[in-house]
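Trainee: Assembling the complex is the task here: the two chains are given apart, and the hints tell you how they should meet.
Residue numbers (the working numbering), protein chains in the order written: chain S, -11 to 90; chain H, 16 to 243.
Simulated from the structure, these hints should not be mistaken for lab results.
Note that the Cβ used here is the ideal one computed from N, Cα and C, for glycine as well.
Accuracy of the hints is not assured; some may be wrong.
Restricting the straight-line Cα-Cα distance to at most 30 Å, the calculated cross-link-like pairs of lysine-lysine (DSSO-like) are [stated by the list, open to error]: (1) Lys143(H) x Lys71(S); (2) Lys71(S) x Lys242(H); (3) Lys140(H) x Lys116(H); (4) Lys197(H) x Lys19(H); (5) Lys71(S) x Lys181(H); (6) Lys134(H) x Lys22(S); (7) Lys116(H) x Lys71(S); (8) Lys134(H) x Lys197(H).
Chain S regions said to be covered by chain H (calculated; three or more residues, Cβ under 8 Å) [said to hold, decoys possible]: (9) 28 to 39; (10) 76 to 88.
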Amino acid sequence: MTLYSILVAGILTYFSRMTMVALVSRDMLSDRIKGVLAYVPSAVFPAIIFPGIFINDYGNFIEMNDPKIFAAIVAVIIGYFSKNIIATILAGLISYWFLIFI
Amino acid sequence: MLTKKQLLTRGILDISPHMLSVIPFGIICGAIGVELGFDPYLVYAMSFIIFGGASQIVFLQLLSGGASGLVAAISVGVINSRHLLYGAVLSEYLEKLSLIKKLFFSYVIVDQSFAESNKFFKKNKTEKYLHYHLIGTGCTMWVCWQIATLSGIILGSFVPQELGLKIVIPLTFIAIVVQDLKKIDHLIVMIVCGLSSLLFYDAPFRSYIIISPIIALFVAALILRLKK
Chain S
-11 MTLYSILVAG ILTYFSRMTM VALVSRDMLS DRIKGVLAYV PSAVFPAIIF PGIFINDYGN
49 FIEMNDPKIF AAIVAVIIGY FSKNIIATIL AGLISYWFLI FI
Chain H
16 MLTKKQLLTR GILDISPHML SVIPFGIICG AIGVELGFDP YLVYAMSFII FGGASQIVFL
76 QLLSGGASGL VAAISVGVIN SRHLLYGAVL SEYLEKLSLI KKLFFSYVIV DQSFAESNKF
136 FKKNKTEKYL HYHLIGTGCT MWVCWQIATL SGIILGSFVP QELGLKIVIP LTFIAIVVQD
196 LKKIDHLIVM IVCGLSSLLF YDAPFRSYII ISPIIALFVA ALILRLKK
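In isolation and in its complexed conformation, chain H is listed as follows (with noise of 0.2 Å):
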């Protein structure tokens, strides 16, 4: 049985390398939101408020566009709404907490939290205090995302644009799922989202971030049913 601070080491020394890729897109996501001319307190704002990586990117974009602020907000509400996905996988390991603490802990649930705290809770879940590697995962995230993205801010037009640093981003997700590719079931699942997420792409509110996980969990669905 692990101890709280091992737990919470654990969840920090998971995260960390994620930072190679959170540190410069945080950095690009400040710069990019002044350099579009909104104003340096809003831009951070976002970071604190939203907490939501890519969808703050389109925030900006869709309102210096000329979006209206209502359609970017319901956009951002759209692309995040793959975290109800990750809320009702994580639930069955958060079930025991009282409910102010999973008011607190949902706050920290972001992309790369939920992949590494999920990969070690299918691996430990006997162990008591499961929810400390998630609160390491995700305030190390946290932290991070707020450092970077007032770091952009400040540089701002500093932050070079050719370097073409936003790669990272499926960079660091190639390298969440990479390891499932060797099962089967896994692959034909991640190719039919990712097909997908091609195929909608133009739908409103950027809802392909969520219309392609509901199909390849169909998928998936059928795949299990296939199995038995």
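In isolation and in its complexed conformation, chain S is listed as follows (with noise of 0.2 Å):
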């Protein structure tokens, strides 16, 4: 039963999403706790961007002269100075693209 299962998982990441924000009020987080919390972006996005980098369809590691190190190289730099999102994809896929298809 697919359906089912995806109800399943439908449930689950709801209750994930929501957990926190309905039960967690302000006194129940310490200033150090809030102070860790202020490095979630930095600690979760990572976990999205390695594997999306480095690991193939596959599972497998990529090689180091991949076309996708490239780009992600070229987005950081064209990403840390325009400071502008747009700015950034484009430049990764621009160079992905112009590597694999020339």
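Mentor: Quick look at the structure:
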């Protein structure tokens, strides 16, 4: 029953989104915990970035000369200096296409 | 003090650049679903019920690879458990809302809407109607995700795989964190998280995606202690 598993997956996902928002109140978090939570974006997003770049569709590490690594480096440099999301994504995508098609 | 409408508009504007990656990725998600031979209605139902980007692809790939529905569902739950961290961060700003509103707004907390609204919240703590910014970012993500996955389902095999469009996802998150690279403490936390995610990539149920943030947050706590 695929629909049934989708429902279970959806409920689990919704609960992970809702639980903390609904249950945590300001005085439950000490200043120390708030200090650590300020690092959440830096502590979570690389876990999406690194495997997306360094691991291929079959779960293996890519070669060090893979176009994806070059694209990521270009995106980091352009993103750092331009501070622009669209420029960052386009720079990475165009340099990636440039390498795989030319 | 900004009005509700101004905050909503600001949220929509702040999230809109990410559509450059969200829309192609959504199209791929829909297309992969029908390519793998799943009922188009079920593929779309996932966008509505789970509403969780990459976790939807993992779900379909596991099922088509012969995994049981329960294993696939648990994997989605584990992958998306990172939202617990987002909720903990946002709770400070959404505290005053009624429970009903909290229950409703939670549904649109996704990676990008969290990232952009959190950035805005940190700079504008005193605004009264902050949550309208989250409605702007979250609902824009929701609407675009529904349209994109639906388009992917309809286009199906017409979506070219060799374009390698999946790379837009790491790129969009690079755009989110890149400005924090100049802070040495954030840089260390990012490297720890990234390396852990590669190290634990083969952990069961894709749990690397929650294991590595936890390790990175421990390192962050350590850094904070050393700073004092």
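Trainee: All hints are to be evaluated individually against the structure, with a verdict given for each.
Mentor: Hints, one by one, checked against the model:
1. Lys143(H) x Lys71(S): 28 Å, holds
2. Lys71(S) x Lys242(H): Between Lys71(S) and Lys242(H) the Cα gap is close to 28 Å, so the pair holds against 30 Å.
3. Lys140(H) x Lys116(H): 19 Å, holds
4. Lys197(H) x Lys19(H): Since the Cα atoms of Lys197(H) and Lys19(H) sit roughly 33 Å apart, the hinted pair is violated (cutoff 30 Å).
5. Lys71(S) x Lys181(H): 22 Å, holds
6. Lys134(H) x Lys22(S): 15 Å, holds
7. Lys116(H) x Lys71(S): 33 Å, violated
8. Lys134(H) x Lys197(H): 16 Å, holds
9. 28 to 39: With 12 residues in contact (Cβ-Cβ under 8 Å with chain H), the coverage given for the stretch 28 to 39 of chain S holds.
10. 76 to 88: holds (count 8)
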